[in-house]
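Q: Sequence:
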Amino acid sequence: MSALPELNELERIIALGRGQLEVDVLCEVAVKSRQFPVYKLALGNPDTSLPAIGFFGGIHGLERIGTQVLLTFLRGLLTRLSWDKSLQHMLQDVRLVFMPLINPGGMWQATRCNPSGVDLMRNAPVEAQDKVPFLLGGHRYSPRLPWYRGAAGAEMEAENLALCRTVQQELLARPFSMAIDCHSGFGLRDRVWFPHAHSVHPIDHLADILALEELFEQTHPNHSYLFEPQSLQYRTHGDIWDYLYLQAQQDSSKTFLPLTLEMGSWLWVKKNPRQLFSRHGMFNPVAQHRLSRVLRRHNSWLDFLMRATCGHTQWLAQGPTRLRLQERAVARWYRP
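Sequence positions in the sequence shown follow my numbering and run -3 to 332.
Treat the hints as calculated values from the structure; they're not laboratory data.
For every residue, glycine included, the Cβ atom is placed at its ideal position computed from N, Cα and C.
Just to be clear, a hint being listed does not mean it is correct.
Said to hold, decoys possible - Computed beta-carbon distance windows for the label pairs:
(1) GLN125 with PRO1: 34 to 42 Å
(2) PHE300 with ASP20: 23 to 31 Å
(3) TYR137 with GLN165: 33 to 41 Å
(4) PRO316 with ARG140: 49 to 57 Å
What the hints assert, rightly or not - Subject to a maximum C-alpha distance of 20 Å in a straight line, what follows is the list of computed SDA-like cross-link-like pairs (lysine to any residue):
(5) LYS127 with PRO198
(6) LYS250 with GLY307
(7) LYS127 with TYR230
(8) LYS250 with GLN310
(9) LYS81 with GLY13
(10) LYS250 with ILE199
(11) LYS250 with ARG170
(12) LYS127 with PRO142
Sequences are here, hints too, so could you generate the full structure?
A: Rendered as structure tokens:
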């Protein structure tokens, strides 16, 4: 067994899903004398004419809660498969892909970065179009400082290469796909971010984002998520989802919607200020009742995204409706 609880749970889930889960080890990450696998798991129909959604977590080693949310959701899905006929039927029409622990080396070291000192969310070959916050926006000074991008001209880190291969093969090959990447550490509210992080310009699929938000509002009217482009808060170099979205844009016949769930960890610190004195506590709920509440709350969001992916033809806007949605979205998020 690994000394990493999240990896232990992931491997227990793999054992639970034997015969249902497709499992691949995309790469292995070395930390001193230890080797940690980076897993990809998949459920559902592999036919590339059907939609798919990817669930990603653990990009930042300190943010264990993102991995925990995904593992809880995946365990629930596998348990339901033994009796839930609606889920069994749904998986004939959709593909689910999971990379719940992308940076196991960083999680074992309790660092934001990977074992090479690189922040995987600043590592892609994408340059911000405007000034970014000092250090926070990504830099090349030293891996001893947070938010280090890696050396100029170097290949992306192994964990990011594995992530990109998964997205390119499993998601971008399909007419419609979504991705949700689970993070924590910003703000007092749970936010759903979408591209761009490197630019203040609206994405071409802004109407689809607004349509998805309105569908979620109708389905879960009492939710507390705040939808917004990441650039509304701050801009960065090297965002991996900007990089993959720009790749997807090369084929205009396909739709790829990458989203980030940014869980508002400041709220947990506000309720328990002693967490400020712990690196773990600054990014994760510590009290057991609070952890349980977080795991329950986001399960509904992930389930909604799975179902919205499967039924995307029923809510994606076309023609004049799409144009009106685009205009409303631009007015809401991009005009003062």
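Q: Are there hints from earlier that the structure breaks, and if so, what are their numbers?
A: none
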